[in-house]
Every structure is written in C-alpha cells, then in structure tokens.
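> The primary structure of each chain is shown beneath.
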Amino acid sequence: MKMNVRKLVILVTVGLLALGTLIMSGCTAEEPASTPADKSITIGMANLALGDYFTGMRNAVVTAGEDLGWTVTATNADGDDAKLVEDVENFISQGVDGIIISGAWFNDIPAALNAAEAAGIPVVLVDRMFDSQNFTAWVGPDNEFMGEQIGKYIVTQLPDGGTAVIIRGGPPENTIGINRTRGVTKALEAAGNFKIEVSPDFGGWSTDGGKIAMENMLARFSKIDVVFSENDSMSFGAQSAAADAGRSDEMFFTGIDGANPAILAILEGGNYKATGHNDANVIGAEGVAVMARILAGEPFNKINVMDSPIITIENAEQFRNAGLWQ
Amino acid sequence: MCKINPVEKTPLPTRFVTIQRGRLEVAGNDVTMHFIQFLVVIALALIANPLTNGVFFTANNFTNLMRQMTTTGLLSLGMLFVILAGGVDLSVGSIVGFSAIIAAGATVNWGFPVWVSFLLGIVTGACWGLISGSLVAWFKLAPFVVTLAMMTFIRGLIYVYSEIAISTRAIPSFTALGSAVVFGIPISTMIMAIFFVIGAVFLNRTPLGRSTIAIGGNRETVRLAGISVEKGIITTYVISGICAGVGGIMLASRLGNIQPSLGGSHELDAIAACVIGGANLAGGKGTVQGTVMGVLILAVMNNLLSLRNVEPYWQWVLKGMIIIAVVLLHSRSQKRG
Chain A
23 MKMNVRKLVI LVTVGLLALG TLIMSGCTAE EPASTPADKS ITIGMANLAL GDYFTGMRNA
83 VVTAGEDLGW TVTATNADGD DAKLVEDVEN FISQGVDGII ISGAWFNDIP AALNAAEAAG
143 IPVVLVDRMF DSQNFTAWVG PDNEFMGEQI GKYIVTQLPD GGTAVIIRGG PPENTIGINR
203 TRGVTKALEA AGNFKIEVSP DFGGWSTDGG KIAMENMLAR FSKIDVVFSE NDSMSFGAQS
263 AAADAGRSDE MFFTGIDGAN PAILAILEGG NYKATGHNDA NVIGAEGVAV MARILAGEPF
323 NKINVMDSPI ITIENAEQFR NAGLWQ
Chain B
144 MCKINPVEKT PLPTRFVTIQ RGRLEVAGND VTMHFIQFLV VIALALIANP LTNGVFFTAN
204 NFTNLMRQMT TTGLLSLGML FVILAGGVDL SVGSIVGFSA IIAAGATVNW GFPVWVSFLL
264 GIVTGACWGL ISGSLVAWFK LAPFVVTLAM MTFIRGLIYV YSEIAISTRA IPSFTALGSA
324 VVFGIPISTM IMAIFFVIGA VFLNRTPLGR STIAIGGNRE TVRLAGISVE KGIITTYVIS
384 GICAGVGGIM LASRLGNIQP SLGGSHELDA IAACVIGGAN LAGGKGTVQG TVMGVLILAV
444 MNNLLSLRNV EPYWQWVLKG MIIIAVVLLH SRSQKRG
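Heads up: the protein sequence lines correspond to chains A and B, in order.
According to the working numbering, the first sequence holds residues 23 to 348 in order.
According to the working numbering, the second sequence holds residues 144 to 480 in order.
Here chain A stands alone, though its shape is the one from the complex (with noise of 0.2 Å):
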C-alpha cells in the first residue's frame, strides 16, 4: 500500500504541474481575445522554425496583429513541415479568420495551403513564397537581389578582384541561402576578376557554424580578400575565425540581414563593410496589413516585394537602432 500512496502522490503532482503549466501559459497567451476593439477577428500564424531572424518575423507578425486588436496565435513547427501541416489543421479547427505562414526555408507545404483553401481561408505567406501558388497574397524580400546588391558593392570595392570565400548556411534545399549565394555569385562573374570558393561546410546560420566553416577556408587559402556569408550571424563567426588566425587585415566580410550588431560594426568602420536590409519587423507589419486589406475585402496585390537596400558606411547611420535584434 505504501507504494501505491507514492504512485497516487506522484501522478498527483505530475497532473498539479501539467495544469498549472497550462493555465499560466494560456493566460499568458489569450487574453486580449475580450478587449472590445475587434473582438471577433483571430488569426493563426504558422512558424516553421523559430530563431534569431524568424522569431523577429513572428513578433512583428503578433506585434502588429495585436494593434488591430486581433487575436493572434502563433506556433513552432521546429523545422517539421507535418508538424506546420498539423498547426495549420489546428487553426481551421478553431475556425480562424486568416493564417500567416512564415515558411522559412521550405520550398512549399501544399497540405497546409489546401486545407486552408478547402476551408475558405485566406493565407498570407510572409517571407517565404510557396512553389504552389494556392495562397491568397504573399509578403517578402528578394533574396537573388539581395545578393546581387551585396556582389556590386565587393566589385567596386575590389576594382581589382580577389578571391572571395562564401558560407552558405544550408540545408542544401534552402532556397533562400541558394538565392542570395546565386546574386552575389551573379555579380562577382560578371566582374569575371574573382576567384569565388564557396565553403563546402554549412554554416547554419550561425556565428559558431560560421566560424568552423571559415576556419577550415583560412587553413585552405593563404589569400582571402573578401567574404560573403549568407547572412550576418554566420559573418560575425568567419570575422571572429580571420582574427583568432591573425589576418584581420587581410580581408572584409559581408552578410545579410541588417542585425544590429551588423549596423554597429560597418559604423565602427572595421572589416565588417555591408549587409543587406532584410527587415522582419517591415515585412511582418505589411503582413498583417496585407491581411487586414483582404479579410476588409479590400483590393490587395498577391504579390508584394519588399524593399532591402544595401547598408554601408554611407547609410548605416539612418538604419542605427532599426535592424533585427540586438
């Protein structure tokens, strides 16, 4: 019996805890459902995968929803497109008004786009755009001419050409690395005086995958004059690689994002030149005013690209405090 009291105990506690959990985090997440402003407009957003850039995207997303007095919810497939499959199921379920999908690397996820489809539901991609073209309007930046931007600024900066190293941040199928890799690749031939070597290591998007993967580039080439990564985090990692080596002053890096450190570093005016402006918190907010328009029944444009200048030294300063996260 004395075990039996320790088995009801535990299963007691275990069941407190879960429902404790679920009431704090369901208060944390609901509550502006009754404030009087628009009480009846919810949407669901469905993440991808969440992380540095991705979670700015969801917050503006939310942030912005939130203004409107909607009720926003979002989720975090955590890189499984069934599990954003399932999310969506979810949101038709609660009979939701509108979903934002913030896709993320994938390609496409037609299930999520037919079942809301086949449930009337109008689907607002934000910076990511789907193969299958089922969804009601689309709001992101244009990753090739991003790069291309970032390719024209190391041309004039090297009228000489060089060597240039690029760090993709992978999987292979992530198009939205493979697009800012092709521009940038795209103006460095155009060039036709660079040696362009691309790293055969992912980065993963971040500052230690970026560092590995320039550590080995720097035990390969005695000669590096300029480096692209496929965004900023991964950048900071192959600038933080060529000062552990000692060759800081050979080379200058560049990335993609617009992340504030990134702004901070080109205002210092060290090795860390450009970076593309790729704004979540501008494409999250023009999102839900996409939405807006449609669930209105306002005329809206299905497709709607960005702007994402270039930041250097000549503009970095009107971008100071305005990029990704700290």
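In short, the hints are calculated from the structure, not lab data.
Even glycine gets a Cβ: it sits at the ideal position worked out from N, Cα and C.
Residues from chain B that face chain A, not an exhaustive set, calculated with beta carbons under 7 Å: (1) GLN211; (2) ILE307; (3) ARG312; (4) ARG397; (5) LEU398; (6) ASN400.
Let chain A serve as the given structure and place chain B on it in line with the hints.
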C-alpha cells in the same frame, strides 16, 4: 541439457477481473498501467474540451487528431518490437525521409507507377532494418551505436539523392492516400490501425513474436531453448524498417512536397510513445495496447496544447515531464513486482 520454455502460459485465475495489492488484473494479466494510461487519456480529453472552447470534441478536430498520429503510431509500433528485444532504433526518422523521397523520386523522376513507388519505399525501409538488425545480431554491436550510425548514413544518402525537395502535388494519385477520408476517418489512420492489429496478433500469437519478448527478457534462456536469437533480433529491425517505410509514404502522400529533411527527430517521439506506453528500454517489457495508449497520450497532448495556444517551448517541457513521470511510475511498479 534441460529445455526451458521461454514463454510459459500463466494459469487462468479463478476470477476474470481481480484487484490485488493495488493491482488491477484481467485474466491474470496486470493491466494497472494500461488502466492508468486510459484514465490519463480520458482526463486529457475531458479537460481538453472546456479549455479549447469546445473545439476538441468536433469531428474536424478528431479527423486531424487521427491523421496527426499516423506516422508516429507506425514508428512507435516498429520501435516497440525493437525495444522488446532489448534494442533501440534511432534510424527510423531517417528511414521515413528515405522512403518518402525514394517514392517521390521514383514517381516524378523515373516515371514509375505510384503503387510501385510506394512499394519501393516500403522495401527499402525493410532493407535498412535488415542491415541494422544484422549488424546488431551477427556482429554483436550496440544497437544505439549501429542505429545512430545508420541514422546519419541514411540521411546523408537522402541528400546525395536529392538536395532539393521533390514536389508531388501535381500527381493526385500520389497524394490520395494521405488525404483521403472515409466517414471522417483518414485512410492512413485505418492502415495504421490494421498494422497495430497485425502487430498485436504477431506478438502474442506467433512463436516468433513471443520469442521477441523472451529475447529481451532473457537472451540466454531463449538460446538454450533452441530458438535463434539472431533471427529474432533481425526480424524486429526489419519490422521497424517496414513500419518506418510505410510511415514515410503516408507522410509523403500527405504533404505533397518532400523535403530531404523529412522525418528528422521522429524517432524520439516513437521512443517516447513506447516508454509512455510502458515499454522498458532494457527489453522484455511492453505491449501493443500500451503503445497505442502512449501514441494517444502524446497526440492528444500535442493537439490540446496547440489548440490552447500554449507556447511550443512549454509543450517540450511538458513532454519531458510526462516521460520522466511515467518512467518513475514504471520503475516503482517493477520494483514492487
């Protein structure tokens, strides 16, 4: 040498249902854990409805719930066999991805009929199981290490085959299996249910199935009884491979766009479902019914938390807590037994 029968029939008790020393027994089998699991599912469902403003008990949500548990269910069934025989199969997530992308590639790139592609996906799943099982059984390598290696090996091959996603959304016959619903029940869930029934019959009613449990319980005894331990172990990995292959095809058919990363970390959910269902990772203990309960608990919990708009991070925290609580419960009841 004396022969020992590894699977002895327990004599029937005088009463069909008994409660002794805090244990619930039906026909002589201790079903206390199943009863508790059942209560957990019912409790989850009961708190789910008011918490989700009535959304939980809707036909649409039930269809979703059933569809969502299909792949995890199949993987868990296969995993149960491996765990029963004292192993573990970390490669099932990669097999899901491999079967899915091969089936899609065979249809889209090679022009195979859809049913042949599906079959190919399942057969390759079985082959991966055969390789893992053989390495574990014949070369006496640790299952964790072998299947960890197979996990990365197979995932690497997926990317070698296709760096980019393969789209099958324009092929209705490919996507039919994953999306078809009959009387509110997805076809894929029906297939999963059939697998569970076959699995239960195989495990409890066939000599090979019974010997699987015995292998995990006491390998030497099985050997002395003249049963091939190696054959038994390999069979469990092949079953796991087939289940993962079928799971991969269901998922591919449902999604309509197959990413090379598909199925990543699904093996962990399968292990979790088995453990919650009462399987012992040391082998020899676990039932199909328990695993069904484990799959149900995970699916209802995920669905409930998702509908309730609980931050995904809290979902991970809760899942971890539940697994530890269940393992605690099991270790208590086993010490007692």
